[in-house]
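K.L.:
Below, each chain spelled out in residue letters.
There are 4 protein chains.
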Amino acid sequence: MSHAGYRRLMSLDRERVLKEAAALLTRRATASMDEIARAAGISRATLHRHFAGRDALVRALEQLGIERFGRALDEARLEEGDAADAVRRLIDRAEPVAGLLSFLYTENQLFEDEMDEGWNRLDARVQALFLRGQEEGAFRVDLSPAWLTDALYGLIASGAWAVHDGRVAAKDLTRMIAELLLGGARRRAER
Amino acid sequence: MSHAGYRRLMSLDRERVLKEAAALLTRRATASMDEIARAAGISRATLHRHFAGRDALVRALEQLGIERFGRALDEARLEEGDAADAVRRLIDRAEPVAGLLSFLYTENQLFEDEMDEGWNRLDARVQALFLRGQEEGAFRVDLSPAWLTDALYGLIASGAWAVHDGRVAAKDLTRMIAELLLGGARRRAER
Amino acid sequence: MSHAGYRRLMSLDRERVLKEAAALLTRRATASMDEIARAAGISRATLHRHFAGRDALVRALEQLGIERFGRALDEARLEEGDAADAVRRLIDRAEPVAGLLSFLYTENQLFEDEMDEGWNRLDARVQALFLRGQEEGAFRVDLSPAWLTDALYGLIASGAWAVHDGRVAAKDLTRMIAELLLGGARRRAER
Amino acid sequence: MSHAGYRRLMSLDRERVLKEAAALLTRRATASMDEIARAAGISRATLHRHFAGRDALVRALEQLGIERFGRALDEARLEEGDAADAVRRLIDRAEPVAGLLSFLYTENQLFEDEMDEGWNRLDARVQALFLRGQEEGAFRVDLSPAWLTDALYGLIASGAWAVHDGRVAAKDLTRMIAELLLGGARRRAER
DNA sequence: TATGAATGAGTCTTCATTCAT
DNA sequence: AATGAATGAAGACTCATTCAT
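Residue numbers (our numbering), protein chains in the order written: chain A, 562 to 752; chain B, 562 to 752; chain C, 562 to 752; chain D, 562 to 752.
Honestly, I wouldn't trust all of these hints.
Copies of the same chain look alike in the list, so a pair counts if it fits in one copy or across any two.
Stated by the list, open to error - SDA-like, lysine to any residue: derived pairs with alpha carbons at most 25 Å apart:
| id | residue 1 | residue 2 |
| --- | --- | --- |
| 1 | K580 | L734 |
| 2 | K580 | T591 |
| 3 | K732 | A601 |
| 4 | K732 | L704 |
| 5 | K732 | A707 |
| 6 | K732 | L743 |
| 7 | K580 | A600 |
| 8 | K580 | D646 |
| 9 | K580 | R747 |
| 10 | K580 | E668 |
Keep in mind that the hints were calculated from the coordinates and are not lab data.
Construct the complete structure from the given sequences, taking the supplied hints into account.
P.N.:
In structure tokens, the structure reads:
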């Protein structure tokens, strides 16, 4: 087997382990390295060979989260068409990444100040969407893009919990988040 | 000092420790018993005398959280006046409890199914508020009270983070949450 | 109240506590100071006022054990009459002290070498009884008085367990120990 | 080294640790996990890897004690030949296990009722020996097999102590126990 | 004197990590 | 490269003892 082939295999393996770790840690943030290893079907020692330590694993998950959220933003084509529709697409695509991002957010309270560069870039893209909506006259301007962005994250997170706990049907999730974020709870005169 | 005085002091002491524990664990959910004890200015052993173990401490915090949120609901007078105004009062009062509730929510993933009776009662009161708003024609009916309730929690949580991270001014918090929850991001025709 | 009266009261109290401690530790050698205090109906702190520490308590129990066993020897009138009958009386009187002595024996493995003077005196009295029996021609001489003494202790201890676990009736205990110790298991030609 | 070799080593290792633990706990029942680990030449953590906790270790020692005592019974060939001779062989073989059994007996006061099945089987074999002796007319019938069995244990235990404390010579032990148990202290007319 | 409260010292246990095969 | 074994470090918990009232 070629050297490249080897590296490719390793990479696939690593990705699989990462995926399992994400799935497990998303459910239980305090899962031990042992549990993670077992969930991935490898030994603790091997897990440590893939990721130098717990921190390294979390950092790798961070990259995974950024990558996934980045892809979600790409797929949502934030710059195209009606801003409200773009928000709807964003919610739809971002929702599967909610658990992972939520875990990373909680986990990284420690490293607070050294917020990842990559993350900031993605965050800026979301804020830019809300800014565009305001500039186009679609969104109100008395709520800052930064707040609308944070609010979006919060709604996605609580929406994910609501589905997980069975209080909201999975198929309604995107619509409920979008409707609330865009239109709010108050009844509108015209609609 | 009288016997009653003694008992009162003990109670105050316990409450003080609990408060410190809440403050610390809200900031860092993984704080050790040692850190908690030091934060409260007592020894680890004394902490263990007050609360039989970590679980007991968390359960006591649960009661504290429920008590505080209950008081917030009382003070917000949910049954009085305009439903939208009641929501505003609720946000204002609930916001200081956000951190604690958020911690408890995360911590109790383990005990998931045995959700506290007391908590359910409080949750029902919030849902009842949204239902009243819908019945009075103030709130839209295509978003369930359960979801509006979860959304409120999510917005309060992300709002608290936004303030904590300096993205939103503390004094604006209540208004921003209320405006978004009630009116949404979309610009209204009439305003 | 007179000074002597005070001391007398204290002494009574102390004795009662000691008795409770003996009863509890005989059952569970690892009982904590807390349990002992509660069994005696006083606080841990008060227990510590009576006995400077756990060691002091055990030493006091040692004295109690020696005193009780000494009284048993006195009551058995070891020097009087038939040696075999004296052994029977000894077993009968010593049996209630068995638990306490057993506890002390186990507990004092640590202090091994500094065996109590008082205890040695009592032990010597028992050995003297067996020696007398040998000299009078009643007991065989190929088993040393020291071994017969140890054997007696062992049989009393296992007898106490057997009663406690319900394998032997309490009323039969003295007879069974005495018969075995004196006559052995083998069937005799003449009897 | 082969895989089988690996597994065999592990097993040997575990057995060695168990042996050291038995030796230490027999001498001092309150030895800490740390001391046990050091006695076995491993770290506390490794000890915990071999035995999930103190309870698990004690339970493993229980199995070891049963196994050893069982082997002693096998080697004593209780069913063969003269019952008295079988008792002598039993004492000779059981004596090395005395310390361990004594420790287990004391330790398990807590679990009292759930006496081990395996142990009961062994106990029954000893009782059966005494019953056989009675049926063959060799042993007296006014002392129950159950009591003779308990008495045997008690004599072995006190004999072991007597040797340990230097009151009886190790080489005489078996004979002294056997003579006392079988013939008693009283001088026989015929001999 | 008696006791509720406090604590230092120690034990058990778990975890992330390294080692040796 | 993968893994069973080993371990240092750290956390939870308990206990005997002391303090302050």
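K.L.:
State for each hint whether it applies.
P.N.:
Going through the hints against the structure:
When the C-alpha separation of K580 and L734 is checked against a cutoff of 25 Å, the pair qualifies only within one copy, where the shortest distance is 23 Å, while the shortest distance between copies is 36 Å. Taking the shortest alpha-carbon separations for K580 and T591, both the intra-copy value of 16 Å and the inter-copy value of 24 Å come in at or below 25 Å. In this assembly of identical chains, K732 and A601 lie within 25 Å of each other by CA distance neither inside one copy nor across copies; the values are 29 Å within and 47 Å between. In this assembly of identical chains, K732 and L704 lie within 25 Å of each other by CA distance solely across copies; the values are 14 Å between and 29 Å within a copy.
Taking identical chains as interchangeable, the C-alpha atoms of K732 and A707 lie at most 25 Å apart only when they sit on different chains, with a minimum of 16 Å there against 28 Å within one chain. Proximity of K732 and L743 under a CA criterion of 25 Å is satisfied in both settings, with 18 Å inside one chain copy and 23 Å between copies. For the homomeric pair K580 and A600, the shortest alpha-carbon distance inside one copy (10 Å) is at most 25 Å, but the shortest distance between copies (36 Å) is not. Proximity of K580 to D646 under the C-alpha cut-off of 25 Å is found in neither arrangement, the shortest distances being 30 Å within a copy and 45 Å between copies.
Taking the closest pair of Cα atoms, K580 and R747 never come within 25 Å of each other, the shortest separation being 40 Å inside a single copy and 37 Å across copies. When the C-alpha separation of K580 and E668 is checked against a cutoff of 25 Å, the pair qualifies both within a copy, at 17 Å, and between copies, at 23 Å.
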